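Quick note, the sequences are listed as chains A and U, same order. Just so you know, we're using my numbering here: the first sequence kicks off at 1 and counts up by one. Just so you know, we're using my numbering here: the second sequence kicks off at 1 and counts up by one.
Just so you know, the hints here were simulated from the structure itself, not pulled from any lab data. Note that this is a predicted model, so its numbers are computed, not measured. A hint or two may mislead.
Unchecked claim - Computed list of chain A residues with no C-beta within reach of chain U, every gap over 10 Å:
#1 Asp-31
#2 Arg-53
#3 Thr-77
#4 Gly-89
#5 Arg-110
#6 Thr-117
#7 Arg-127
#8 Lys-140
To be verified - Cβ-to-Cβ under 8 Å is the rule here; a few derived chain U residues that face chain A:
#9 Pro-17
#10 Leu-20
#11 Ala-47
#12 Arg-53
#13 Gln-83
#14 Gly-91
#15 Gly-113
#16 Arg-116
#17 Leu-133
#18 Gln-135
#19 Ser-157
What the hints assert, rightly or not - Capping the alpha-carbon separation at 20 Å, the derived lysine-lysine pairs in PhoX-like fashion look like this:
#20 Lys-162/U x Lys-140/U
#21 Lys-140/A x Lys-140/U
#22 Lys-92/U x Lys-162/A
#23 Lys-140/A x Lys-162/A
#24 Lys-162/U x Lys-162/A
#25 Lys-140/A x Lys-162/U
#26 Lys-162/U x Lys-92/A
#27 Lys-92/U x Lys-92/A
In this text, a Cβ means the ideal position worked out from N, Cα and C, and glycines have one as well.
Each chain, written out:
2 protein chains.
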Amino acid sequence: MTVPVLLLRPATRADLPAVLALLADEERVVDPATIRVGAEYERAFAAIEADPRNELLVLVNEGHEGGEGNEDGDGGTVLGCLQATYIPGLGKGGAERALIEAVRIRADRRGGGLGRTLLEQAVARARARGCALVQLTSDKRREDAHRFYERLGFVRSHDGFKLALQSPFTTDEP
Amino acid sequence: MTVPVLLLRPATRADLPAVLALLADEERVVDPATIRVGAEYERAFAAIEADPRNELLVLVNEGHEGGEGNEDGDGGTVLGCLQATYIPGLGKGGAERALIEAVRIRADRRGGGLGRTLLEQAVARARARGCALVQLTSDKRREDAHRFYERLGFVRSHDGFKLALQSPFTTDEP
Chain A
1 MTVPVLLLRP ATRADLPAVL ALLADEERVV DPATIRVGAE YERAFAAIEA
51 DPRNELLVLV NEGHEGGEGN EDGDGGTVLG CLQATYIPGL GKGGAERALI
101 EAVRIRADRR GGGLGRTLLE QAVARARARG CALVQLTSDK RREDAHRFYE
151 RLGFVRSHDG FKLALQSPFT TDEP
Chain U
1 MTVPVLLLRP ATRADLPAVL ALLADEERVV DPATIRVGAE YERAFAAIEA
51 DPRNELLVLV NEGHEGGEGN EDGDGGTVLG CLQATYIPGL GKGGAERALI
101 EAVRIRADRR GGGLGRTLLE QAVARARARG CALVQLTSDK RREDAHRFYE
151 RLGFVRSHDG FKLALQSPFT TDEP
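Please model the entire structure based on the sequences and the hints provided.
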């Protein structure tokens, strides 16, 4: 008997091709089977997984009752992802703040409320941990995303600034 | 012989009152001697200090030649601070990004280039670590700060969203 269950859980190594597929192209579905997981992504995933203040979270459709079923990569179909970083600090009465990055919903599954589920569950996770604040930035061109975050209760109070650096790691790439 | 030396270094426990004084009031100088360091700030500082991906950095005027001179809290006068968080991730070829928060220059020392020194040294630190990007957000009302970051090369490409949570920690406060 098949009962669809939406679950937000930390990604395992077996989910990495599916997550990289989500990140590779926001506009169309990329088949995870076509993704080559380079050593730099293996390292980055291992760093996230080993860090108690970072979580790569995946929204999965388990598609069956009971059991985690994560052997052989069968942890359900990855429909969305985000990364949460929990930051200790001296503001907010010494409480952590949660930074959310890399929010994605699979291109063919948008418009059905999955984004809301993804964000609401991530916020609930931050709240349960004792975070005083959740923050994120969104490209100024993404007006649709901005309305989405505002409907979820986020306040667009800040401007986001980025400075690209020449990383020594990027010179290793073809 | 007194030679002023500006140094950006990780804060020690002895700097904590001075940093909390900077954070307490952005508009006037607060005497660190008036700051009570509560247990919640002791905990938060210890968490930052123990985390290899977080640094609370202070810009200090050492005011003397040679030596760190940090015994008895004599680590120089704290003129500015910021917190850097180094975030592993699957974008940017697997390189870390640096998030900068809590940027402050002491109210009576602004306008003399200390902010530029603080940010430039923090960016150099992120670059030396291999970060591909430095990012920060700034309140939309702070147009002066925005021009400052743009002069340093930052691009105002994003909007910043915040969602305040009811933290269990804040209920402990008077």
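Taking the hints in turn, this is what the structure says about them:
{"no.": "1", "hint": "Asp-31", "verdict": "holds (18 Å)"}
{"no.": "2", "hint": "Arg-53", "verdict": "violated (7 Å)"}
{"no.": "3", "hint": "Thr-77", "verdict": "holds (19 Å)"}
{"no.": "4", "hint": "Gly-89", "verdict": "violated (6 Å)"}
{"no.": "5", "hint": "Arg-110", "verdict": "holds (19 Å)"}
{"no.": "6", "hint": "Thr-117", "verdict": "holds (16 Å)"}
{"no.": "7", "hint": "Arg-127", "verdict": "violated (5 Å)"}
{"no.": "8", "hint": "Lys-140", "verdict": "violated (6 Å)"}
{"no.": "9", "hint": "Pro-17", "verdict": "violated (11 Å)"}
{"no.": "10", "hint": "Leu-20", "verdict": "holds (6 Å)"}
{"no.": "11", "hint": "Ala-47", "verdict": "holds (4 Å)"}
{"no.": "12", "hint": "Arg-53", "verdict": "holds (7 Å)"}
{"no.": "13", "hint": "Gln-83", "verdict": "holds (6 Å)"}
{"no.": "14", "hint": "Gly-91", "verdict": "holds (7 Å)"}
{"no.": "15", "hint": "Gly-113", "verdict": "violated (18 Å)"}
{"no.": "16", "hint": "Arg-116", "verdict": "violated (13 Å)"}
{"no.": "17", "hint": "Leu-133", "verdict": "holds (6 Å)"}
{"no.": "18", "hint": "Gln-135", "verdict": "holds (5 Å)"}
{"no.": "19", "hint": "Ser-157", "verdict": "holds (6 Å)"}
{"no.": "20", "hint": "Lys-162/U x Lys-140/U", "verdict": "holds (12 Å)"}
{"no.": "21", "hint": "Lys-140/A x Lys-140/U", "verdict": "holds (13 Å)"}
{"no.": "22", "hint": "Lys-92/U x Lys-162/A", "verdict": "holds (13 Å)"}
{"no.": "23", "hint": "Lys-140/A x Lys-162/A", "verdict": "holds (12 Å)"}
{"no.": "24", "hint": "Lys-162/U x Lys-162/A", "verdict": "holds (18 Å)"}
{"no.": "25", "hint": "Lys-140/A x Lys-162/U", "verdict": "holds (15 Å)"}
{"no.": "26", "hint": "Lys-162/U x Lys-92/A", "verdict": "holds (13 Å)"}
{"no.": "27", "hint": "Lys-92/U x Lys-92/A", "verdict": "violated (30 Å)"}
Consistency note: the structure conflicts with the earlier hints numbered 2, 4, 7, 8, 9, 15, 16, 27.
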